[in-house]
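Visitor: What follows is the residue order along each chain.
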Amino acid sequence: DTGVSQDPRHKITKRGQNVTFRCDPISEHNRLYWYRQTLGQGPEFLTYFQNEAQLEKSRLLSDRFSAERPKGSFSTLEIQRTEQGDSAMYLCASSSWTSGGALKETQYFGPGTRLLVL
Amino acid sequence: SQKIEQNSEALNIQEGKTATLTCNYTNYSPAYLQWYRQDPGRGPVFLLLIRENEKEKRKERLKVTFDTTLKQSLFHITASQPADSATYLCALESGANNLFFGTGTRLTVIP
Chain A
88 DTGVSQDPRH
98 KITKRGQNVT
108 FRCDPISEHN
118 RLYWYRQTLG
128 QGPEFLTYFQ
138 NEAQLEKSRL
148 LSDRFSAERP
158 KGSFSTLEIQ
168 RTEQGDSAMY
178 LCASSSWTSG
188 GALKETQYFG
198 PGTRLLVL
Chain B
455 SQKIEQNSEA
465 LNIQEGKTAT
475 LTCNYTNYSP
485 AYLQWYRQDP
495 GRGPVFLLLI
505 RENEKEKRKE
515 RLKVTFDTTL
525 KQSLFHITAS
535 QPADSATYLC
545 ALESGANNLF
555 FGTGTRLTVI
565 P
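Top to bottom, those sequences are chains A and B.
Going from the first sequence to this note's numbering is simple: count from 1 and add 87.
Going from the second sequence to this note's numbering is simple: count from 1 and add 454.
Extracted from the complex, chain A is given alone in its bound form (with noise of 0.2 Å):
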């Protein structure tokens, strides 16, 4: 495994179109996070997952969102009716967590889709 994965690397849309993002975390990570970055900015949390179950969700991420982690594998990020401001990078992050001993925090990143809607 060499890492985090992001499926496109880059999408163009137009206004009002939906799209959906594609991450593959580190196989034997439980925990999977999904950000926002803009340019000039660092990444802003948007939501996570423990697993299948998804624990917490910015203010952020407004209900044109939603996201998936049906098997707790990969997960999927949906914008419905896209606007203008939802141009970003979004980037994937996962990590092992465990409760109790030794807590394993670090993030990896995935390399991020890069959204662009005119």
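If you are wondering where the hints come from, they were derived from the structure by calculation, not from laboratory data.
Nothing false has been slipped in among the hints.
Calculated pairs, DSS-like style, for lysine-lysine (alpha carbon to alpha carbon, straight line, at most 30 Å): (1) Lys457/B - Lys144/A; (2) Lys144/A - Lys525/B; (3) Lys457/B - Lys517/B.
Reference listing, derived: stretches of chain A covered by chain B, where coverage requires no fewer than 3 residues with Cβ under 8 Å from a Cβ of chain B: (4) 123-136; (5) 193-205.
Model, not experiment: these values are computed from the prediction.
By construction, the Cβ of each residue, glycine as well, lies at the ideal position given by its N, Cα and C atoms.
Following the hints, position chain B against chain A.
Guide: Okay, now just chain B, sitting in the frame of chain A:
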């Protein structure tokens, strides 16, 4: 709310010198802090993690300090090289199982 400030948007330094980047935070006491490197068009790459009970952590030419009284972390790259040129991000654990990132400092090492 949490706030992270990284000392400057951009830092230029001569090759061979030590680069020092600053991360200040307010309104929070994180259990740990992380530093990431990000190259243009790529995702962040983990460099170092330091916990609240650790004062200093080293990895090769990298050194991180963590002062929970000052609410500050310093990130040092010694003997800097042009290949160290990138954006460096400071990130705090948010207490809610995700990371809260600063805006980053773009480091340029001049040959």
